[in-house]
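There are 2 protein chains.
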Amino acid sequence: MTSTPTPGAPSPGTPASSLDPAIAARLRRGADGLVPAIAQQYDTGEVLMLGWMDDEALHRTLTTGRCTYWSRSRQEYWVKGDTSGHVQRVRSVALDCDADTVLVRVDQTGAACHTGDRTCFDADVLPLAE
Amino acid sequence: MTSTPTPGAPSPGTPASSLDPAIAARLRRGADGLVPAIAQQYDTGEVLMLGWMDDEALHRTLTTGRCTYWSRSRQEYWVKGDTSGHVQRVRSVALDCDADTVLVRVDQTGAACHTGDRTCFDADVLPLAE
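These protein sequence lines map, in sequence, to chains A and B.
Under the working numbering, the first residue of the first sequence is numbered 0, with each subsequent residue one higher.
Under the working numbering, the first residue of the second sequence is numbered 0, with each subsequent residue one higher.
Among the hints, a few may not be true.
Simulated restraints, written as ranges between beta carbons of each label pair [to be verified]:
{"#": "1", "chain 1": "A", "residue 1": "S17", "chain 2": "B", "residue 2": "D106", "range": "20 to 30 Å"}
{"#": "2", "chain 1": "A", "residue 1": "V124", "chain 2": "B", "residue 2": "R117", "range": "19 to 29 Å"}
{"#": "3", "chain 1": "A", "residue 1": "R25", "chain 2": "B", "residue 2": "G115", "range": "13 to 23 Å"}
{"#": "4", "chain 1": "B", "residue 1": "D19", "chain 2": "A", "residue 2": "D116", "range": "34 to 44 Å"}
{"#": "5", "chain 1": "A", "residue 1": "D19", "chain 2": "B", "residue 2": "S72", "range": "24 to 34 Å"}
{"#": "6", "chain 1": "B", "residue 1": "G115", "chain 2": "A", "residue 2": "R88", "range": "23 to 33 Å"}
{"#": "7", "chain 1": "B", "residue 1": "R117", "chain 2": "A", "residue 2": "R25", "range": "31 to 41 Å"}
{"#": "8", "chain 1": "A", "residue 1": "A15", "chain 2": "B", "residue 2": "D106", "range": "39 to 49 Å"}
{"#": "9", "chain 1": "A", "residue 1": "S91", "chain 2": "B", "residue 2": "D106", "range": "40 to 50 Å"}
Counterexamples of contact, computed for chain A against chain B with all Cβ distances above 12 Å [stated by the list, open to error]:
{"#": "10", "residue": "Q40"}
{"#": "11", "residue": "Q74"}
{"#": "12", "residue": "V78"}
{"#": "13", "residue": "G84"}
{"#": "14", "residue": "V86"}
It is worth saying that the hints were derived from the structure and are not from the lab.
Cβ coordinates follow ideal geometry from the N, Cα and C atoms, glycine included.
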């Protein structure tokens with residue numbers, strides 16, 4: 000999940016976002032101003048990864064055709080694939096019934112996971128009780 | 000997303016969870032002690048909903064065969080389908096590469112969404128820029 004940061008990007012919760020006010024008005028953010036964003040491969044249904052978006056990241060995802068997330072660890076925006084080449088082309092974006100989660104259907108180039116796995120959920124399957 | 004609460008359940012972050020210590024040691028929780036949990040229909044790939052789990056909810060999900068979440072609004076555990084009948088039978092559970100998100104593949108009975116929709120992402124598709 001590497002990317003090129005966007006210099007000078009505002010912090011989450013900054014009201015300077017260009018997100019459609021009708022969407023911003025119903026978006027229910029966490030205490031950190033973010034909502035979880037699930038990336039799913041549009042045709043196979045694979046759940047590729049989960050990232051985080053603030054208003055501006057959602058706006059960029061809706062308007063640029065490329066998935067943009069907010070990195071909680073680096074505190075900056077990142078466009079998936081900018082450094083790895085493993086881009087996510089946006090096919091559709093939906094909010095859930097509570098407007099507190101985003102589902103982005105994408106066309107993922109190559110591996111979604113920074114480990115090289117196709118998805119971030121391939122490597123650590125937990126044991127179920129018998 | 001209705002359910003029957005579990006009376007007397009501990010709050011998130013309470014160390015009384017019975018979760019396997021090897022899993023608890025690598026789980027990376029948010030400031031509220033929770034991780035997002037994506038529920039996906041195991042065979043069709045549909046992303047059904049996103050809920051939240053603390054250690055104990057994850058433990059119960061791994062050991063009871065039924066998806067258990069922590070309700071942030073009601074501050075209690077809920078077993079999906081206990082009141083609605085729309086149960087989620089657990090097929091597999093995986094952590095992501097950062098161990099901060101759970102993917103649960105389930106067999107969903109009926110509608111996953113409390114609105115009656117099959118998934119929580121069916122009703123609010125956002126417009127993309129041309």
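Query raised in the report: Tell me, which hint numbers fail for this structure?
Result: Result: hints 1, 4, 7, 9, 10 break, sorted rising.
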